[in-house]
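Trainee: Residue numbers (this note's numbering), protein chains in the order written: chain A, 1 to 521; chain B, 1 to 365.
If you are wondering where the hints come from, they were derived from the structure by calculation, not from laboratory data.
C-beta atoms are modelled at their ideal positions from N, C-alpha and C, and glycine is treated no differently.
All clues given are correct.
Below are the DSSO-like pairs computed for lysine-lysine, each with C-alpha atoms no more than 27 Å apart in a straight line:
hint, chain 1, residue 1, chain 2, residue 2
1, A, Lys351, B, Lys250
2, A, Lys275, A, Lys351
3, A, Lys255, A, Lys496
4, A, Lys337, B, Lys238
5, B, Lys224, A, Lys384
6, A, Lys382, B, Lys10
7, B, Lys238, A, Lys97
8, A, Lys37, A, Lys128
9, A, Lys377, B, Lys224
10, A, Lys71, A, Lys192
11, A, Lys275, B, Lys250
12, A, Lys460, A, Lys252
13, B, Lys249, A, Lys337
14, A, Lys337, A, Lys460
15, A, Lys497, A, Lys511
16, B, Lys249, A, Lys351
17, A, Lys275, B, Lys238
18, B, Lys325, B, Lys64
19, A, Lys275, A, Lys145
20, A, Lys337, B, Lys224
21, B, Lys238, A, Lys382
22, A, Lys275, A, Lys337
23, A, Lys384, B, Lys10
24, B, Lys249, A, Lys275
25, A, Lys145, A, Lys135
26, A, Lys460, A, Lys255
27, A, Lys377, B, Lys250
28, A, Lys135, A, Lys71
29, A, Lys431, A, Lys252
30, B, Lys249, A, Lys382
31, B, Lys224, A, Lys351
32, B, Lys250, A, Lys337
33, A, Lys351, B, Lys238
34, A, Lys382, B, Lys224
35, A, Lys382, B, Lys250
To give an idea of the interface, some chain A residues facing chain B are shown, with a C-beta separation under 8 Å as derived from the structure:
hint, residue
36, Leu315
37, Ile335
38, Arg336
39, Leu356
40, Asp357
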Amino acid sequence: MQEPYSAQEPYAIEMLHITKRFPGIIANDDVTIQLRKGEIHALLGENGAGKSTLMSVLFGLYQAEEGEIRKDGKTVHINNPNDANELGIGMVHQHFKLVQCFSVLDNIILGAETVKNGFLQKDEARKKVLALSEKYGLQIDPDAKISDITVGMQQRTEILKMLYRDNEILIFDEPTAVLTPQEIEELMQIMKNLIAEGKSILFISHKLNEIMEVADRVSVLRKGKYIGTVNVADVDEAELSRMMVGRDVQLKVDKDEAKPGEVILDVQGLTLASKEHKKNAVNNVSFNVRAGEIVCIAGIDGNGQTELVYGLTGLENPTSGSVKVCGRDITHASIRKRADLVAHIPEDRHKHGLVLDYPLEYNMILQRYYEPQFTSKFGFLKRKEIREYSDRLIEEYDVRSGQGSITTTRAMSGGNQQKAIIAREIDRGLKFLIAVQPTRGLDVGAIENIHAQLVAERDKGCAILLVSLELSEVMNVSDRILVMYEGEIVGELDPKKTTTEELGLYMAGAKRDPQFQKGRG
Amino acid sequence: MKENKGFFGKPGVQTIMASLICIVIGLFFGFLVLLLIHPQGAWDSIVTIILNFITRSSGPAKIKALGNTLVKTSPLLMCALSVCFCYKVGLFNIGAAGQYEAGAGIALFAALGWGLPWWVCLILAGLAGALLGCISGALKAYRNVNEVISGIMLNWITLYLVNMILTKVKDPASPYTLPLAATNPKAVIPGAGLPAFFANNRYVTLAIPLAVIIAIAIWVVLNKTVFGYELRATGFNKEAARYAGMAEKKNIIVTLAIGGALAGVGAAFLFLTGYQQWTTTQTSVPGMGFNGIAATFLGGLNPIGTIFSSFFIQQITDGGALIDKAVYPSQISDLISALIVYLCGFTMFFRLIIANKLARKGGSK
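Only chain A is shown next, with the shape it has when bound in the complex (with noise of 0.2 Å):
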């Protein structure tokens, strides 16, 4: 399986048979990794394969019940992040772990700060933040605040964290996710140049031609248990995705040809002022969506997606302009009110989707519990009836959980989760559908399985509204791509005649169609 690796030189770092167990479920089941110096090792996975889970070990946030880490051939014990910090593992987490209002500099200090006398000594950190910052290729402000600063600058921050404590093994957890193409060269270039310079580093993804290009070997895990390790060079995508998923999958999405009818949502110069700064987070804003298409609000996150999905579904009140679903304006129509007009699949499926601490059946029903077929004349709910629904939506959209429609929903996979938001949405049958990053966070067959359902709508006549950060998606299933940067769209693609680097260069506000003129701000 991999070619024995020079006995004199031992392996940065080891973790041998790991397996971690929590109640009902075995994360990691002997699982084994050996990272060598100065190699990019990919750690591939669906969600839930235990990728987090087997980093949370190596850094000491969970204990294993069995196996051992080696470093340099020695058996280690890893208590707590202090101890992985002190044997030089460094992370660059996921979500950045950086204080908003504070400046790069004093970011990178936090936690090991240089002190005399009680008094910091930041000029000496200076000096190194910047020595290090030339010696890697991470181009960075010093002073500029966190807040001010864009995604790719937080996430050489946090790079320049771990280096700046002189970490030797670097964990990227999926470092990708938020960038732009762009930024994702750039990124990959660093990896490179970090490798050049003597560091080792796993980087967790499940991302196959990331993977393909700055990976040396990968290793795959599939439901906590160890599937293999591979030289990259040896392998293609499709094998890859062979390994990580147990199947052969679909990697393009199946459709045909969209026959959009007559226009559902008309949106007209909206504008939505923003919460963090002064200028508007949506600004006159205006486009549509026909019934049996599917459009994709492109974008890097934050540049406006969310207050305008905010606007379309009535989280938040427009400050100008109207938007009409069928006909029916609905600009200023309180939630309740548009609900026989609007489905919602929410960004964030923990902070609006779900409740988590009801049981399933409650949630499958979080759109319609008020209707008469819930709701008995005296205000009582029908549990019967609640049942034989829910079961349904489970049966027919494949939810699994442990105990069915009493499961409490906190207790279920966020795959399932999300599959139970797109039952529910998608059982209302109405002909308006938002889908707001659907398939985040879910492993590659969810994936499919989601992309195909919202085809299946679009191709019943649904409209759909697919607000997506994920290129792939992005190009793959929508029918028409508007780019949305910096509160306003800046150009209408089309999917099969556009590349994603032209896509990109809209994404990070290089290029804009004439079409869509400058808005007043």
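Starting from the structure of chain A, add chain B where the hints point.
Mentor: Frame of chain A; chain B shown alone:
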């Protein structure tokens, strides 16, 4: 093992176990304090506190004392329901004390000043409490004022307001309000034959069964109705409630109004029996509302559970009044219930221990 898990594995059973552990540890610490103050009588005193009415000399005396404890349990239960109901919606109704004062003030004034019958006084007391709840609720919903802060402020405002109003119907020679039965017999909640079961304790009235019925009704509303579905959804996840089109602002106000009404009626349940008169010179917020918080948590945040926890807290409070005052301060029972409440903070912790123990047992087999 299977049956074992079936019984002790149930969340409800675990909650009750956890509450019992709180009680035992609380009593133990109370005993330690008694020991420190005066070792000789400590054991007898802690027994007295627990047994309360059972320590009385004769059978009828015991029954009569039990009746008195029940009379005071019903307002406590109502305050506990008030706190419990709001808590389910994610609101901490510390204003129950003030709503209780408002209920007492209006009920007594309507009875003594206007000569109205008991049921009208009861309704007015509920409305007064609801009004106070509305104020806190509106401040919370529209201005995001924390209901704890506005509740505490209103507790004091209401206390002095009620003192002022009730001065008009007070006994000229004392700070107490006029005796109820003598001034307006119509305003006394009817006993409906109940006193006969309690050695002719005339303070035992319909208030007691009513409070229990209301507790059950609250449980039904929370768990079986659409209204309860909405309220609990709002309590668990406000954002999801909004996403589902629930009127979350309205729900906050309605919840606190209902909580207020419960506490207000609770006050009427006590003062309209004639068991107690309002002291118009009092300068501290009555403990009933705060004890309600204790009973809520000890009752496992369950309306049915609060029936029992309210009785228990009233039981040890009355028991505390029976111990030798020359040696021990009667506040010892307050101390014990405070300890128990404090320990209730660990209820989840105890539940976890019980659950873990079970899991380990299950694993070893």
